[in-house]
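2 protein chains.
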Amino acid sequence: MRKTDFSGNTCPIARTLGEVGDWWSLLILRDAFAGLRRFGEFQESLGCAKNILSARLSKLVEHDLLRRVPGSDGSAYQEYELTDKGRDLRLVLVALRQFGENHLFGDGEEWFSLVDVRDGEPVAPLEMRASDGRLLRADDVEVRTVRRNSTS
Amino acid sequence: MRKTDFSGNTCPIARTLGEVGDWWSLLILRDAFAGLRRFGEFQESLGCAKNILSARLSKLVEHDLLRRVPGSDGSAYQEYELTDKGRDLRLVLVALRQFGENHLFGDGEEWFSLVDVRDGEPVAPLEMRASDGRLLRADDVEVRTVRRNSTS
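From first to last, the protein sequence lines are chains A and B. FYI, the numbering for the first sequence is 1 to 152, going by this note's numbering. FYI, the numbering for the second sequence is 1 to 152, going by this note's numbering.
Keep in mind the hints are simulated off the structure, nothing from the lab. Note that beta-carbon positions come from the ideal geometry of N, C-alpha and C, so glycine has one too. A few of these clues could be false.
These stretches of chain A come out as covered by chain B in the derived footprint (C-beta under 8 Å, 3 or more residues) [said to hold, decoys possible]: (1) 35-49; (2) 65-74; (3) 102-108; (4) 112-126; (5) 140-147.
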């Protein structure tokens, strides 16, 4: 299913995606988080075919992850912006990014890292914690069936 | 690129994948985290074509996310187990899972949730925090170029 080799990409998210499947949609969302809004901007960033980008953008809008809005400068160009639902994918991107940073870059290689604007320090590694704050390891968790109900 | 409609799947990870791309590889890893080891077990769980599963498994082994090992019961059946690198994808799966749980299930629907074995409570929502522990919001972070060096 992979259409592109991301193994040399500067973005650790893209490198991770290159190892686990076809992820144009998440790369579009990554760019939306970075402030890109126009078709041409996404195409320039991703370097993918117009028909592929167009199909992915439409799917993201269909799933309410992006919404189409009028050009912010009043031009005829339609723009795309993240919905609240789309913004909630931020942690997926952070997790993908941190995996790539930890495993897919060698000494001396540069990449785009997500940092705290206050001090320029990289975002801390995500942690799996219990409801009471305990750090959880793989052996501390298991999968169980749960049910959403109106009171939850 | 989507080959399957995951929108009705019980697994919130699968539902998220269904919205953002083709993710057979991550579903295989999800099953490996759940303890599946044999080709037939993965095929039964995923319900995907043998050639697709075979190609995905080979790619995961190639990328050192899974390794092939002799059958644990001494049988002729080859098994697959997560590598340390593969285990580091756990947080990606947790992030995908939590997005699905938050956005892709309706009242009364059941799903497989990741819970703390000690108290059965779901794993706490992942959080984006600064190196000093401060909770970070979208506006608190930005992407900057960094370089891996031998001292890091």
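Going through the hints against the structure:
{"no.": "1", "hint": "35-49", "in the structure": "violated (count 0)"}
{"no.": "2", "hint": "65-74", "in the structure": "violated (count 1)"}
{"no.": "3", "hint": "102-108", "in the structure": "holds (count 6)"}
{"no.": "4", "hint": "112-126", "in the structure": "holds (count 14)"}
{"no.": "5", "hint": "140-147", "in the structure": "holds (count 8)"}
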